[in-house]
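Q: Listed below, chain by chain, are the residues.
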Amino acid sequence: MSSKHTITVTVNGKSYERLVEARVTLADFLRNELDLTGTHLGCEHGVCGACTILLNGEAVRSCSLLAVQADGAELLTVEGLARGAELHPLQQAFQDQHALQCGFCTPGFLMTAYAFLKERPKPTETEVREAISGNLCRCTGYLPIVKAILQAAGKTTT
Amino acid sequence: MAKPYIGAPIKRREDIRFITGKGTYADDIKLPGMLHAAILRSPRAHARIRSIDTAQARAIPGVVWIFTLKDIGEMAVPVPMRMYKVPGLERYLQPLLARDKVRYMGEPVAVVVAESRYLAEDALDAIEVEYEDLPEVLELRAAMRNEVLVHEENGTNLAAVHEISIGDAARAFEKADYVRREEFRVHRHTGNPMETRGLVANFDVGKRELTAYGMTKLLHYNRQVIASFLKLPEHNLHFIENDIGGGFGIRGELYPEDFLIPFASMRLGRPVKWIEDRREHLMAANHSREVTCELEIAAKKDGTLLALRARIYGNMGAYVRTHGGLVPCSTAALLPGPYRIPNYQCKVHCVITNKTGMGTYRAPGRYESCFFRERMLDMMAADLEIDPVDLRRKNLIQPEEMPYEIGLTRPGTNPTVLDSGNYPSALNRALKEFDYDKLRPLQGRFENGRYHGIGLAYFVKNTGGLEPYEGARVVLRDGPSVTVYLSINVLGQGHETAMAQICADALGVPMDWISVFHGNTDLVPFGWGTFASRGTVMGGSALHLAAQGLKKKILTIAGDHLGAGPAELDLQEGKIYRKGTEAPALDLGKLVALVRHSTMHNQGQPELEETAYFNSNKMTHSYGVHLAHVAVDPETGMVEILKYMVVEDVGRCINPLLVHGQAVGAAVQGIGGTLLEELVYGENGQLLTTTFRDYVLPSSTDVPAIESVVLEEVPSPLNPLGVKGAGEGGMVGTGAALANAVSYALSSLGVEIKELPLSPDKVRALIRRRSAEQAR
Amino acid sequence: MKPAPFEYFAPQAIDEALKLLQKYGEEAKVLAGGQSLMPLLSLRLARPAVIIDINRLRDLAFIRSEPDGGLRIGALARQRAVERSGQVATQCPLIAAAMPLIGHFQIRNRGTIGGSLAHADPAAELPAVSLTLEAEFVVRSTRGERAIAAKDFFLGYMTTAIEPSELLTEIRIPATRPRVGWAIEEVARRRGDFAMVGVVTLVELNGNDTCQNSRIVVFGAGEKPERVARAERLLCGKRTDEHALAEVAKAVTEDLDPVSDVHASAEYRKEVGGVLTRRALQNAFKRAQKETA
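Chains as they are written, first to last, in the working numbering: chain F, 1 to 158; chain L, 159 to 934; chain C, 935 to 1227.
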């Protein structure tokens, strides 16, 4: 039997207290317990990056963490990027550059790019490509995603 | 005249929900009382089932029901074929759950329904199945020896044969100055959309109605089949499309799970969700592409093509699935491509093995045949010492020969007719855009430890009337606003935007008045779906016709009101004008109010709407060229793509943002399939690539900045929009162009690519083999 | 793809962790960064009855320079912290160069040095690098502490000398000697993937640029990272000329006995192991020549 634990997490600025089974992944916890279904599961084994979120300010794969490990942590998910109706510059750039088609991988790319730009606000194209190389997209061919991140970083793109 | 919406790079309206995390994919749907299913799958490739013991699993608290085939009883029909029903294939359909035998690793054996997915998987672990292993057969040639029979009752693994005979190939080969024979092979790989399959079924016991989410692609057809399986009237089923994380052929076809989950919901009277995990996806959802081709070519010594003769073998896996013989048959259908080849003979073999069943993957058969043909042309060019571009130019069908009938190439349908195009012009444009002449001196050159190669491939890609029709309904509402209802589905392409553009132009209203609804069997009573790049060709055309019809209706009413004939009026940007005048004569909002509240207009009917279907059994053909510049490290076999370009004439481009997006995305998928991805079977028929660590998709650092050139030189005469489909052109030529480029790069080492993928291991093996041969 | 049930403990202190390990032994798995263990749990390829999460043992997250120029890295130091560490970059640039080859930055944000070493994936970079550097592994149990030399640490496929009751707490890297050059070369299907084959080399030159000491470690080509002793001996007394390096590379190719898998055949790994040896040695010699005595 899996042990159960009470955890407190802050997600997108809101605090939650929940009783969770130890084996539940952080991704499943966000999706099923907190109804934050913007975080997606593409592989559940740490390769595709669709479940990327920020844990205490750092990009991590929420499928590769247990919910109980996030006790006391501050999380940011895709739902927390926009300020009300005002899109985050990255979100706007993704639309402008047609950087998504089916949209399934998009939250993971946004969160990866968000963490990356915080650390490296003026990246080169090569750095952007490397930064997103741990996220898989099956629709766009990556080029528009690279352009979108450069746009959000304030670089002019064509 | 207002500026048309068609052709403008309008940003997608659907993006907002996706970038804010508010999309609704199958796994995001939660219904009260919902249960979770998990499927027990065979770990064996070929075995007899001695017994299934579920007692321990049933005892786990939270496990609600476990069922096997016998629990389905007389309902247990096999999953039917939808298309390419080549006679013979019907003997190899897949049962909903394994009967006495399992025939591939991943075959569903039992279904667990539990209070959570975690518990359902615990129950899977606790089910005990006793298997008696049987020898397996995985490869074509071994299967054709019939020593191991996958379905003993049929006495053979050769499920069906389809033959094509155009002209007199035998005679052409006798007369030819030049003939060459080669065997080519494309490896097994598949679509892998980022969202796996998923399904939520909710049976309302009181109303005996089933609502299901997740079977997107062919909602109407799927509803019809599932209705007959569940013995319910079709109108009691409501199939609803949620947001979909990519299609690529694999999603939305009927699979056993699409029967099992609604069945479970009906039996339990509770909503049931099943979300496929990636491991299941890789072993149970359709595999594709595995086709071998023995190809012979005949030509005059000046390079004029005379004939093709081919034997094509499709490794269909253990069961024939919904696509029937499509993959190998479609390979055969367009093998002659854009060239004038008067004599063509082909025999297609559908061979059953102990692998996962075969279905379509973006540009099915076209990717394969393009590789076979374009590789052969480059080999022939080298033999005859003709420039490969000149060879193609010499044989391309000329614009004045259009429409060009190739002949009867598909089983049970019309002759294949290339509808329209200027093939030489697209080739010239491609060479110019790529700067081919400037790069050509690099051909085969060794620089800084790597060999350079430049390869090209010409492709044609058919779409349109693969299924006969699509429908659209356009309603003018108060506001005024316009609602569009479509029979097609959307799998992530951006139809909510593109279709609004089509409607805005055809009707003459601002685009932001228009809302687009799709993917619900209750919206439009009949339809097929979105596949093979046909969404805009068929659905867009239906919408265009419906909007035009509604416009006519509006102008008639306006004419009555204004005392003018409808021909004297026009509707632009939502306002009615007398032709030749600048000031609007009537506002559309006023007209809506008139109709709504008076019996004087529109024959007393309050609604202003029009439904139209676009019917066609003909195919449009987009065409174009892929060009690749690669550098190959001969010591490691690593292939780097330095430059890649897709040039495609799509007839007419509704939204360049979306069309370029399709081309670039498809090209990267094709590059992945050509360089990285392979479904590999090992000892005892075990599928070895069951995770994304083993099945390797391309990532951002594996691909160059793909260049896409979209041409609109020759609109299709087969539909009112002139479109030819844009979803697959970026994919078709990738295998061929890269294989040609790598072959050029390594030509001084004597390497000729005849098989894909071009993985470092395989490239090294070719170099090793050649150097061993040369040493001898 | 959901983990099977387990008991979960998140000790706050090392002693508490050691007691749990003593109690549960082989039934338990230590969860550090989780980048290898979590996928194994989700695939149900690992089904421990007990998970001991050591992420709260912050004392084990250190990176320290020793007065003699050596480096001590706590087992719980995140790979990303090591990657960003100025100390590591100056005192052990080989480790700094290897870090970006490990997965992707999201993985390195969580992945720990100790986790990667204890997991001992034969295709992983860190085990090979630690073997090349002749690092020492400190493990603790309720019975005390012991240090294990790298050559005795990796025992086989994903197997190390850590006993079930022991916890890896620290990795000690000896100071770099003068006139030493290093290099790491690998081929992977994609950036960030485990290597199909890789080579880590270290050469120490004498006054006339002749190799007097070398280490050649191949990874991704067997059950565990291995030093190729014959190749190392061959290199001794050699200068960096094409002929000598080709001979060493040939010895590596001949001595490797790798397996085939979905990514590469044994033949490929043998050949390319040699090629990468040559390339790595070229770079290592170049670096060593730049070092002054």
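Quick caveat, the hints were computed from the structure, so don't treat them as lab data. Do not rely on the hints blindly, as some may be mistaken.
Straight-line distance between alpha carbons at most 25 Å, and here's what the computed DSS-like set of lysine-lysine pairs gives [to be verified]:
| id | chain 1 | residue 1 | chain 2 | residue 2 |
| --- | --- | --- | --- | --- |
| 1 | C | 1204 | F | 4 |
| 2 | C | 1224 | F | 118 |
| 3 | C | 1204 | L | 920 |
| 4 | C | 1184 | F | 4 |
| 5 | L | 920 | C | 1184 |
| 6 | L | 920 | F | 14 |
| 7 | L | 920 | F | 4 |
Here are some of the chain C residues that sit facing chain F, going by a computed Cβ distance under 8 Å [said to hold, decoys possible]:
| id | residue |
| --- | --- |
| 8 | 937 |
| 9 | 940 |
| 10 | 1035 |
| 11 | 1082 |
| 12 | 1085 |
| 13 | 1128 |
| 14 | 1142 |
| 15 | 1144 |
| 16 | 1178 |
| 17 | 1225 |
Backbone N, C-alpha and C define an ideal beta-carbon position, used for all residues, glycine too.
Q: All hints are to be evaluated individually against the structure, with a verdict given for each.
A: Hint-by-hint comparison with the structure:
1. Annotation: proposed proximity of residue 1204 of chain C to residue 4 of chain F is violated, straight-line Cα distance about 49 Å (limit 25 Å).
2. Straight-line distance between C-alpha atoms of residue 1224 of chain C and residue 118 of chain F comes to about 36 Å, which puts the hinted pair past the 25 Å bound.
3. Taking the CA atoms of residue 1204 of chain C and residue 920 of chain L, the gap is near 14 Å; set against the 25 Å cutoff, the hint holds.
4. For the hint pairing residue 1184 of chain C with residue 4 of chain F, the CA-to-CA distance comes to about 57 Å; that exceeds 25 Å, so the pair is violated.
5. The straight-line distance between the Cα atoms of residue 920 of chain L and residue 1184 of chain C is roughly 21 Å, inside the 25 Å bound, and the hint therefore holds.
6. Our distance criterion of 25 Å between C-alpha atoms is broken by residue 920 of chain L and residue 14 of chain F, whose separation comes to about 53 Å.
7. For the hint linking residue 920 of chain L to residue 4 of chain F, the alpha-carbon distance of about 50 Å lies beyond 25 Å, and the restraint is violated.
8. For the restraint placing residue 937 of chain C at the interface with chain F, the shortest Cβ-Cβ distance is roughly 4 Å, inside the 8 Å limit, so the hint holds.
9. The interface hint given for residue 940 of chain C is met, as the beta carbon of that residue sits about 6 Å from the closest beta carbon of chain F, less than 8 Å.
10. Interface hint at residue 1035 of chain C: violated, since its Cβ lies 12 Å from the closest Cβ of chain F, which is beyond the 8 Å cut-off.
11. With its C-beta approaching chain F no nearer than about 28 Å, residue 1082 of chain C sits outside the 8 Å limit, and its interface hint is violated.
12. Below 8 Å, beta-carbon pairs count as interface contacts, and residue 1085 of chain C has none with chain F, the closest being about 30 Å; its hint is therefore violated.
13. Interface restraint check: residue 1128 of chain C against chain F, minimum CB-CB distance 11 Å, threshold 8 Å, status violated.
14. A least Cβ separation of about 40 Å between residue 1142 of chain C and chain F goes past the 8 Å threshold, and the interface hint is therefore violated.
15. Violation of the interface hint for residue 1144 of chain C is found here, the shortest Cβ-Cβ separation to chain F being roughly 38 Å, above the 8 Å cut-off.
16. Among the interface hints, the one on residue 1178 of chain C is violated; its C-beta lies about 35 Å from the nearest C-beta in chain F, farther than the 8 Å criterion.
17. With a least beta-carbon distance of about 29 Å to chain F, the hint placing residue 1225 of chain C at the interface is violated under the 8 Å criterion.
Hints 1, 2, 4, 6, 7, 10, 11, 12, 13, 14, 15, 16 and 17 from the list above are not met by this structure, while the remaining hints are.
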